[in-house]
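First to last, the protein sequences are chains H and P.
Residue 1 is where the first sequence starts when you use the numbering used here, and the numbers rise one by one after that.
Residue 333 is where the second sequence starts when you use the numbering used here, and the numbers rise one by one after that.
The set of hints was computed from the structure by calculation and includes no laboratory data.
Keep in mind the model is a prediction, meaning the values are calculated, not measured.
For every residue, glycine included, the Cβ atom is placed at its ideal position computed from N, Cα and C.
Mixed in with the good hints there might be a few duds.
[Said to hold, decoys possible] A few chain P residues that face chain H, going by a derived Cβ cut-off under 8 Å, partial list only: (1) L430; (2) D523; (3) D528; (4) M611.
The lines below spell out each chain.
2 protein chains.
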Amino acid sequence: MSLRRPYLLFVGDARDDLAAKTAHGILDWRRDWCLGKLSLPGCQARLDLPEVSIDEAAARGAGTLVVGVAVAGGALPDTWVDTLVAAVEAGLDVANGLHQRLVDIPRLADAAESCARLLFDARHPQRAFGVGTGAKRAGKRLLAVGTDCSVGKMYTALAMEREMRARGMKATFRATGQTGIFIAGEGISVDAVVSDFISGAIEWLAPDNDPDHWDVIEGQASLFHPSFAGVTLGLVHGAQPDAMVLCHEPTRTHMRGLPHRALPAIAECIEAHEYAARMVNPAARVVGVAVNTRALERAAAGDYLARLADELGLPCVDPLATGVGAIVDRLP
Amino acid sequence: MSLRRPYLLFVGDARDDLAAKTAHGILDWRRDWCLGKLSLPGCQARLDLPEVSIDEAAARGAGTLVVGVAVAGGALPDTWVDTLVAAVEAGLDVANGLHQRLVDIPRLADAAESCARLLFDARHPQRAFGVGTGAKRAGKRLLAVGTDCSVGKMYTALAMEREMRARGMKATFRATGQTGIFIAGEGISVDAVVSDFISGAIEWLAPDNDPDHWDVIEGQASLFHPSFAGVTLGLVHGAQPDAMVLCHEPTRTHMRGLPHRALPAIAECIEAHEYAARMVNPAARVVGVAVNTRALERAAAGDYLARLADELGLPCVDPLATGVGAIVDRLP
């Protein structure tokens, strides 16, 4: 099941661009899929897309209205429901990455049923998965991993896919979180999978493929984040990666959400991920480091990457500033 | 919420004692809670308990009929439903560790509602959990871990609790699987928790306590089992263990369910669990090894334990054959 395209990006009354991070992510990576945006009064997000009404979007063949705005608490505001119902009645599907399910909103569920439209709740698994087996699969797999949560794993995986495709390689981005799912048009929100089935879900997401095909799998959290490391380990085992890219944010002073916990050293983090991955793929190794240097001055960023590359003996890049070509060069 | 006692152990038409493993486990560790057993025609399990009818059990104050028999596929046979409905109508709660939920059987759900009785599905979480924080909690915690699945983690944890209590120590067994939940009267089936909340669920299960109190936490699976290692890592992080006991079955030739995967070396397994646990508790260490030697000759078992103890410099015991006193001696 893939989401129907093109998308109409709904940003509601987003109070700033951070609140509209999902919409920005989709636009950054799948501009061709975005027909326009739809805002409500008061919206402060500045998305570089034309404002398009529901009727106009429907007339131009929009497939899905994607809720591209986050709200504190994860509950969908009542003031949005009229808009979503109108989208369904105009013939669009609706996709949502908030905790609250669209299917639990009676008016919307009724409208979707009578109009035979799809309500897609990306945070909730669409199907059941089996237990992982660790059996070797054909094709190659790259997994983005991280020193912490929110250090650029999705952007790194997408940059790898883009660079690999630009070189004529066979590569498919595999999404494991909400925004990634909208960008791929499909995927699994792995942190919502029942824990017995984490690795099984990823085995399903990245199945047998051509020997020269790469699945580029979005990572989640970190082996070093005690709130979520179980998700990460299951993801590593399910991915069976041939190659990993370690993602890092150099100005972070502590693990996300845990003020008293320091980040791991990069070398230790590489060693731990290689140890975990070799249980399912003896050839697994970290092939490069992707650093989000946005918070550094340009010269400092260059120094940082050069020093790190020297220290680790690995290509160290900023996916947005330098590109990921140096890492793609080193893929096995 | 604790299950009401005493229990009436329902063994259905179990074809052998292995099928009635849950009932045997409850009887082994909580004989005082077991009022009797209830069989259906054809039952081949030999449980050392008197056969007691539902009416007699109700008259003698039974609190809960516990389904103590496993069935292939995890679906509850239709032929059992009359019995379970009769138990509810006689005033008993019903508890079940099969995959299929009692609450999804309409006749039984209706009976439970009209009689105000509880249907308890141990494999399914009874509540929502928060995300784990890794914050240090008061009291001490011991976690049973393993080289593989089904190597005696529950029995080892229960033997530790029994020995600690016999010495006048404060100790509470904390259950993380179905049979353990019936033995504790409460607990969390951790493999059924959504993966984002594994460590949070265990933090809830083993909360702050007296400084000299030990929570003795049942482990699940193994860091080295690629199907379930995410569950194990989340459990280790949520448990924040001061001490771990590594459980092992010495005649196993491969990881359970994975014919081509060898078991890890015991020393490597100790190192990996200590590394993972020290992320949340720098003092964490493996304090002993619990070996299920049932498949060995008595002399060979003694030799095996002595050699292993010498090699590791740790007490190595068989919880049933030698007791776990040597490990309790070494608790920090």
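Status of each hint after checking the structure:
This hint is violated: L430/P has a C-beta 15 Å from the nearest C-beta of chain H, more than the 8 Å allowed. Hint status for D523/P: holds, given a least beta-carbon distance of 4 Å to chain H, under 8 Å. A least Cβ separation of about 4 Å between D528/P and chain H falls short of the 8 Å threshold, and the interface hint therefore holds. Because the beta carbon of M611/P sits about 6 Å from the nearest beta carbon in chain H, less than 8 Å, this interface hint is met.
Comparing the model with each numbered hint stated earlier shows that hint 1 is the single one that does not hold.
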